[in-house]
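Student: What follows is each chain in one-letter form.
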Amino acid sequence: MKSTTLGAPVEGRGRIAKDRPISVIAATGFMIAFAVYFLTPLWWLIVAASKTRADMVSTFGLWFSTDSFALFDNVAALFTENDGAFGRWMLNSFLYAGVGGAVGTLIAAMMGYALAKYQFRARNALFNIILAAILIPVTALALPLFLVFGAVSLTDTFWAVFLPSLVSPFGVYLGRIYAAAAVPDELLEASRLDGSGELRTFFSMSLRLMAPALVTIFLFQFTQIWNNFFLPLVMLQDDALYPLNLGLFSWNSQVYLAPDLRLLVIVGSLVAIIPVIIAFLLLQRYWRTGLAAGSIK
Amino acid sequence: MTVNLPAGHLERSAPTSGRRRMSFTSHTGAILALVAPFLILLTLFYLVPIGYALVQSFFKLERSSAFGSPREVFAGFEQYVHVLENAAFWGSLGRVGVLLVTMVPVMILLGLLFALLIDSTLVKGRRFFRLAFFAPYAVPGVIAAIMWGFFYAPTLSPLPGVAESLNLLDSRGIMIALANIIVWTVSGFNMLIMYSALQAVPQELYEAARMDGAGNVRIAVLVKVPLIMPSIIMTGVLSIIGTLQLFNEPTVLKTLSKAVGLDFTPNMLVFNTASIPNYNLAAATSVVLALLTAALSFVFLRITQKRAFE
Numbered sequence: 001m002k003s004t005t006l007g008a009p010v011e012g013r014g015r016i017a018k019d020r021p022i023s024v025i026a027a028t029g030f031m032i033a034f035a036v037y038f039l040t041p042l043w044w045l046i047v048a049a050s051k052t053r054a055d056m057v058s059t060f061g062l063w064f065s066t067d068s069f070a071l072f073d074n075v076a077a078l079f080t081e082n083d084g085a086f087g088r089w090m091l092n093s094f095l096y097a098g099v100g101g102a103v104g105t106l107i108a109a110m111m112g113y114a115l116a117k118y119q120f121r122a123r124n125a126l127f128n129i130i131l132a133a134i135l136i137p138v139t140a141l142a143l144p145l146f147l148v149f150g151a152v153s154l155t156d157t158f159w160a161v162f163l164p165s166l167v168s169p170f171g172v173y174l175g176r177i178y179a180a181a182a183v184p185d186e187l188l189e190a191s192r193l194d195g196s197g198e199l200r201t202f203f204s205m206s207l208r209l210m211a212p213a214l215v216t217i218f219l220f221q222f223t224q225i226w227n228n229f230f231l232p233l234v235m236l237q238d239d240a241l242y243p244l245n246l247g248l249f250s251w252n253s254q255v256y257l258a259p260d261l262r263l264l265v266i267v268g269s270l271v272a273i274i275p276v277i278i279a280f281l282l283l284q285r286y287w288r289t290g291l292a293a294g295s296i297k
Numbered sequence: 001m002t003v004n005l006p007a008g009h010l011e012r013s014a015p016t017s018g019r020r021r022m023s024f025t026s027h028t029g030a031i032l033a034l035v036a037p038f039l040i041l042l043t044l045f046y047l048v049p050i051g052y053a054l055v056q057s058f059f060k061l062e063r064s065s066a067f068g069s070p071r072e073v074f075a076g077f078e079q080y081v082h083v084l085e086n087a088a089f090w091g092s093l094g095r096v097g098v099l100l101v102t103m104v105p106v107m108i109l110l111g112l113l114f115a116l117l118i119d120s121t122l123v124k125g126r127r128f129f130r131l132a133f134f135a136p137y138a139v140p141g142v143i144a145a146i147m148w149g150f151f152y153a154p155t156l157s158p159l160p161g162v163a164e165s166l167n168l169l170d171s172r173g174i175m176i177a178l179a180n181i182i183v184w185t186v187s188g189f190n191m192l193i194m195y196s197a198l199q200a201v202p203q204e205l206y207e208a209a210r211m212d213g214a215g216n217v218r219i220a221v222l223v224k225v226p227l228i229m230p231s232i233i234m235t236g237v238l239s240i241i242g243t244l245q246l247f248n249e250p251t252v253l254k255t256l257s258k259a260v261g262l263d264f265t266p267n268m269l270v271f272n273t274a275s276i277p278n279y280n281l282a283a284a285t286s287v288v289l290a291l292l293t294a295a296l297s298f299v300f301l302r303i304t305q306k307r308a309f310e
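Just so you know, the sequences run in chain order D and Z. FYI, in UniProt numbering the residues of the first sequence are 1 to 297. FYI, in UniProt numbering the residues of the second sequence are 1 to 310.
The set of hints was computed from the structure by calculation and includes no laboratory data. Certain hints may be false.
Unchecked claim - In silico contact screen, one side only, chain D against chain Z (beta carbon under 10 Å); selected entries:
id, residue
1, LEU147
2, PHE280
3, LEU282
Bear in mind the structure is a predicted one, so any value in this text is a computation, not a measurement. Positions of the beta carbon are idealized from the N, C-alpha and C atoms, including for glycine.
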C-alpha cells in the first residue's frame, strides 16, 4: 500500500503539518477517552482475578492488592471446583469451536471454490441461498434445530451443538471471494493439461493457495462457535457437555447460593477470553485482509 | 485491495473463454463432490429446521378431555393470532425497537468516527487504538455481560459511587445498561470493517480532493464516507439483525436485575415459551421474528439503495 517513491514521505509530513494543533488534541483526547472505556473492564478482570476474596471487597477495584497476589491460587481453585468442571468445559469449547471450526472451514472452502471456479446451472441460485442464509442469525435457528434434534432424540448430546456449528454461509462467501482471487484460471488449466483430476488439483494445489483465506474463515467460525450461547443453552441439560460460556453462566446464576463462585466466575472469564485474544493477535494479518475482502465486494 | 481485481476479472472473462473451457458436463463429478458436504449440512441444519418450525407453527396440542393425552391437530393460523395478540410479544419488540433507533446509530457512528480517525493523520498510536477498540469483540457476549454486571451492581462495582448514582439495574437504567454492553462489544468490530474499506481506497482520490483545497473534515465527509457506504450499510444490517435477536446479554442481566423479565426481548420470549413447553407457539413466534428481521433488513437495504453483500 505504502508508496516507495521519494516524494511520499515529504508529502506525508507536509500533511501532518497542516493539521491544526487544536484538532490533534481534540482527536487524541477523544481516542484516549474511548481507549479507557474499552480497556477498563478488561483491566478490572485481570486485577480482580489476582485477588483473594477478602481483598476483592476491601481494596480498590481497579488496582492490585498490595498484600497478596492470588492469581495462581485462584486459577488452581478454578480448575478443581466441581470436580474439574471448568477444564471439561474448556475442552468442550475447544472441540466445538476448534474441531468444528476446522472441519467447517474445509467444507465452506470447498463450496466457495466450486462457486468461484466452475460454471454450473444452479450456481447463482445456490449463491443467493447462501447470501440469504448469512442473514439468518444463529439464535433464530436454535429453536427449530432443537425441535428437529428432539424429533430424532439427539438433544442433550455432543452432536446437537457440534453438527449445526459446522455450517458457515459467511465462510462460503469469503471462500468464494478468496478462491476467485488466489487461484488463477491459468494454473487450473495447466494442471488439467498435466492430467491432474479436479479434486486432486483442489486438495494438492488450490487449497494451499487459499491458505490465508482458510485462516480467516477459521477465525470467524471459531469465534462464532466459541461465543455461541443460545444453541447450547437450548440443547444441553448435562453440564458435562457445556461449553465455557454456558458453564460460566450457570456458575454466575448460582452466586447467591454459593458466594465462593463469584471469584471463580471472574477468574474463569479471564481464562476463557485469553485463547480468543491470543488467536486474534497472532493471526491479525489474515483476518484484516479477510475483512477487507469481505466488506468491499 | 488487490484481492478484488481477479474476482472482477473472472466475472468478465467467464462468458467468453470461461464457458468454452469449463463445460457444463465435464466436471460434474468434481463439482458435486465439492458442493455436496456443505449442501447436505445446510439442508440438515438450516433448511429442514426452518421447514419443520414452519410446519409446527400451524399445529396445536389438543386434549380430548381434561386428563386425556394431548395430540397434535392442525390449527391454521391460530398460533400466529396468539403471537400477534400477545402483549408480551409487542412489549419485547418495543424494547428492541427502542434499541434499534437509539443504540444502533450510536454503534455505527462510533465505529465510523474511530475508523476515520485511525485512517487520518490526526492521531498518533493508531495501531494501539485499533487493537484496544477491537479487543472487546473477542469477549463472548455472555462474559461481557457478566463483567459489566459487576460494574453495575453497587455492592460489587470497582467504582461503587458511580454505580450507585447511575443505578443502571433499575427499570429506568436497564436499557442503558444493556445498550452499553452491546456498544462496548460491537463498536470496534464496526470500526474494523469500515477501516478495512478505507484502506482499500486509492490514496490518489484523497490527493485530488486535497489539490482542490478540501480540508480533512470535508474529505472525510464528502469523499471517504460515500466511498465506504457499502461497508457502513453492511454494519447497519448486521446490527439490525443482532439487535432484534438479542438474547445472551439480557439473559445474564436477568440474574442481576428485577427489571429484566423472562420476556424482555423477543428471543427470550421464544426461549421461555419453548420451555413451558409450548413448541407450536414458540415456533410461530420464531417465524414472525425471522420474517420481521428479514423485512427490516430488506427495507433498510432498499432505503439505502445499496447492496452490501454483493
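Student: Taking the hints in turn, state whether each one holds.
Tutor: Hints, one by one, checked against the model:
no. : hint   : verdict
1   : LEU147 : holds, 6 Å
2   : PHE280 : holds, 5 Å
3   : LEU282 : violated, 12 Å
Figure legend: structure checked against the earlier numbered hints; the only hint not met is number 3.
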